[in-house]
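Colleague: Residue numbers for the sequence shown follow our numbering, beginning at 2 and rising by one.
Please keep in mind that the hints were generated in silico from the structure rather than gathered at the bench.
Just so it is clear, CB atoms sit at the ideal spot from N, CA and C, and this is done for glycine as well.
Worth double-checking, as some hints may not be accurate.
Label-pair ranges, simulated between beta-carbon atoms [what the hints assert, rightly or not]:
(1) P94 - A494: 20 to 30 angstroms
(2) R482 - K589: 51 to 61 angstroms
(3) D273 - T562: 51 to 61 angstroms
Once the Cα atoms are required to be at most 30 angstroms apart in a straight line, the calculated DSSO-like pairs of lysine-lysine come out as [said to hold, decoys possible]:
(4) K589 - K502
(5) K436 - K625
(6) K436 - K528
(7) K92 - K22
(8) K625 - K485
(9) K599 - K629
(10) K255 - K524
(11) K589 - K524
(12) K589 - K485
(13) K625 - K502
(14) K599 - K625
(15) K524 - K291
(16) K485 - K291
(17) K75 - K589
(18) K528 - K589
(19) K502 - K485
(20) K589 - K615
(21) K75 - K129
(22) K436 - K255
(23) K436 - K599
(24) K615 - K629
(25) K524 - K436
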Amino acid sequence: MDSHRNSLQPGYRLHWYIIKKILGQGGFGITYLADDTNLQQEVAIKEFLPVDLAIREADASIHPVSNERGEHFKWGLDRFMSEAQTLARFKHPNIVRVNAVFAENNTAYMVMEYERGRGMHELLRENKTLGQAEVNAILLPILDGLEQIHAAGFIHRDIKPPNIFIREDGSPVLLDFGSARQSFGEQTRTLTAMVSPGFAPFEQYVGKGDRQGPWTDIYGLGATLYRAVTGRSPADAMDRSEALLHASRDVFVKASEIRPEGYSSGFLAAIDHALAFRPEDRPQTIVEWKQEFASHATPGAAAAAEAGNPAEPEAVTVAVTEPGLPGSQVSRAQDEKGHTSVFPRADKASRSVLTKSLQWAAIVCGIFVFLAVLNRIHDRHEEIAGNGQEPGQATVQPADRSAVVNRPSAAATTEATGESGKTRETVDQLLSGAKQDLDALRLTTPAGNNAVEKYRAVLQIDPDNAEARNGLDRVVDEYLRMMKNALQGNDLASAGEYLDKAMRINPDHPQVISARDRLEAEKERRKQEINEDDGTGPAEIAVQPEMETAGKQIPDAERSTLQTLRDRIKSNPQDRQARRQLKDIADKYQQAVREAIKTHDYDGAEAYVREILKITPPRSEASKELNKLLLNINKMRAESGE
């Protein structure tokens, strides 16, 4: 059995179920394989165990880590049980079957049918891509199941290759609904830890459930199809939003532009339609989207779909009453084609708030990203405290590895140069991966999976490779373009960072020297403005790292508590209680930042962010996100004239 410090052990008895091993685990809970001794069959049992909020005691019971976390734990537990009760009403061959849900050990357990086969992600790892007939064999049954789910006012909210299981007979089944998990993330303000980068649309990062609907699942399934037909991981919605905000362009490369062999142009266009950034630009219902595929399905797949679904699906009567989930208080409405839906269409009028508040959403998402990273750092500190490793040595690992699947690592691929027969293939893989990274603006991060590292790896193999040299020049050009945009936005700090990155890549680039002179001239001009304004104008905000008002919002007693906790951890890195208290304070401050920004109290928001910075490991990913957040807050302050 896979080890997990919080898991039930093999042989543990839950009513008439006996635990055998762990099937999967995440931040929301653990899924076990178990024996049903009544029916003499194996089942899958999911246990509600949010690791950030609760721990297991010696008697196997689950309890919140603090009274403050208890309210969130109970809220999530109620949603978990409500979702299980709802899913148990669905009877569809391609939707996971929930047989029971029960309370035990101060938590809840969802009993599901145990499916034998393998995940779609494993299939893609072996084959990289699938043919159109293979894709249709998976797509059409899943669409049929989703149509019934949506008709009842329920959405999945976590469609991705690992959650589509291919049975031994080749039929697909959709697993692991994410509605309760996503709602829980909204309640606890840890959304980025609850979504799947690349497969979650933008509205899942920034909006509550009432902004989501069938179009949200359509995006997730569209991203899954994109991965299956192109062999590439889809662009992360946050990367897309950043590029649209700062560079006025979408980093998403359409499937119809890649043009993989063996797929009709209409089929690829249907995938691209599903991956539109704005919800209102996507198909609004499964019925609409199915019609786009209908004329492009291969004859065999179309015949199979018709044979498997000779008539309209039976009506499903499901009462979704939980207030935190989508579809809880919506009325049925017919679209222009006469199809009935419990979801309002994401038309331009009702969804315009998403488009108009892109910059605001980016700032809020920065807070979410920070908290998710901070949570991972806290977990990492818990691990290293037990083995004596210094906290400063901790490294942050991505929560989801799906974004780097099937991309060659620069370090790993350069080792292959000893075999001359594979050298050309290695170079081609690196160049292809680097181009994808460049298109997605993964220029120098993340480490081990970015354009610069791959281009440099090519040059180690082939020092005269023109494509790699041109690629590095393109990266420099991209950073200089970002620098120019930052200057236009009065963001000198970011402009300087972009220039530094460009100079580290190629200090001899013909445009670097002139860009440096331009930045220095702009800094000098700003200094003169500050002197003329006696240090009180908006320009000061852009260049001063500290402000007199920062920090005045925090009560002296709280500041004293923070210092005491920091001193305790410094003297004893294994002091888990102190680390947990620090994390609780960071959570509270994170909510305070949100409220301060909403009320345009930018001084208060900055004060809280700076306090969080003091308890964040320097040079960590969380520290970088916090500093970016400070820049955004200062921008909003400057634009508001406050």
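Colleague: Are the hints correct? Go through all of them and say.
Modeller: Right, here's what the structure says about each hint:
1. P94 - A494: 20 to 30 angstroms: 56 angstroms, violated
2. R482 - K589: 51 to 61 angstroms: Given about 39 angstroms between the Cβ atoms, the range is violated.
3. D273 - T562: 51 to 61 angstroms: 52 angstroms Cβ-Cβ, so the 51 to 61 angstroms window holds.
4. K589 - K502: Given pair K589, K502 is violated - Cα atoms ~35 angstroms apart, limit 30 angstroms.
5. K436 - K625: Distance ~26 angstroms between K436 and K625 Cα, so the pair holds.
6. K436 - K528: Violated - the C-alpha atoms of K528 and K436 are around 40 angstroms apart, more than 30 angstroms.
7. K92 - K22: The given pair, whose Cα atoms are some 27 angstroms apart, holds under the 30 angstroms limit.
8. K625 - K485: Holds, at roughly 21 angstroms.
9. K599 - K629: 18 angstroms, holds
10. K255 - K524: It is violated: about 40 angstroms lies between the C-alpha atoms, which goes past 30 angstroms.
11. K589 - K524: Since the Cα atoms of K589 and K524 sit roughly 37 angstroms apart, the hinted pair is violated (cutoff 30 angstroms).
12. K589 - K485: 37 angstroms, violated
13. K625 - K502: Holds: K625 and K502 sit about 15 angstroms apart, inside 30 angstroms.
14. K599 - K625: 23 angstroms, holds
15. K524 - K291: 56 angstroms, violated
16. K485 - K291: 44 angstroms, violated
17. K75 - K589: 18 angstroms, holds
18. K528 - K589: With a Cα-Cα distance of about 37 angstroms, the restraint between K528 and K589 is violated, given a limit of 30 angstroms.
19. K502 - K485: At roughly 14 angstroms apart (the allowed maximum being 30 angstroms), K485 and K502 satisfy the hint.
20. K589 - K615: 15 angstroms, holds
21. K75 - K129: 42 angstroms, violated
22. K436 - K255: 14 angstroms, holds
23. K436 - K599: This hinted pair is violated, its Cα atoms lying about 39 angstroms apart.
24. K615 - K629: 15 angstroms, holds
25. K524 - K436: 34 angstroms, violated
The structure fails to meet hints 1, 2, 4, 6, 10, 11, 12, 15, 16, 18, 21, 23 and 25 from the earlier list, while all remaining hints are met.
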